[in-house]
Amino acid sequence: NLPNYLTLGRIVLIPVVLMLLAEIDPLIESQSNFWYGLLAALIFIIAGVSDLVDGYYARKYKINSAFGKYFDPLADKLMVLTVMIMLMDLDRLAPWVVILFLMREVSITALRGVASAEGLTMAADQWGKKKTLLQNIALPGLMLNRDTFLGFFDPRVFGEVILYAALIVAVASGLHYLYRFSLLVLRKT
1455 NLPNYLTLGR IVLIPVVLML LAEIDPLIES QSNFWYGLLA ALIFIIAGVS DLVDGYYARK
1515 YKINSAFGKY FDPLADKLMV LTVMIMLMDL DRLAPWVVIL FLMREVSITA LRGVASAEGL
1575 TMAADQWGKK KTLLQNIALP GLMLNRDTFL GFFDPRVFGE VILYAALIVA VASGLHYLYR
1635 FSLLVLRKT
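Numbered as in my numbering, the sequence shown ends at 1643 without a single skipped number.
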């Protein structure tokens, strides 16, 4: 089905984005860095849009599959976290920011796993969706050269500000998941 193909497409795009980012020399602002960053950002945006399309299509036509249930969120997490790690390597993102996002994702995945083992369901909430949206807006800016827009606008500063907002939402949503998990467990016992 179409949503599963779009999810697979996002997974295939991950190494493409990573290879482009790996070509960037963090010590200089060059024409080749500009193009590698721009292509990586555009492919990342295409992947983000495909996530919206597959979600819309799956809801509209009531298409559910075990593959989509597990691989759609996995594709998103893999894309975002691997890009963050590459941006950290390029000195465009502080390690502590990446670590906090990674801790949040691992914790939520663990809570969902425990809930599932107990026969409980913890669906994604609006906080998590807002976090993902903010990440998808922020990360392309961090992939670009500072001078991409002729000095009128620094996409990296924009990306940093939006990513810090995403981090606040990520921590808040993580705490909200923990709260929801606690309520589910208390109701079950």
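Be careful, since some hints might not be right.
Here are the computed lysine-lysine pairs in the DSSO-like style, where the Cα-Cα straight-line distance is at most 27 Å [what the hints assert, rightly or not]:
1. Lys1583 - Lys1516
2. Lys1583 - Lys1531
3. Lys1583 - Lys1523
I should point out that these hints are in silico values taken from the structure, not numbers from a laboratory.
Treat the numbers as computed from the prediction; the structure is a model and nothing was measured.
Check the structure against each numbered hint from earlier and tell me which ones fail, lowest number first. Violated hints: none at all, because every hint is consistent with the structure.
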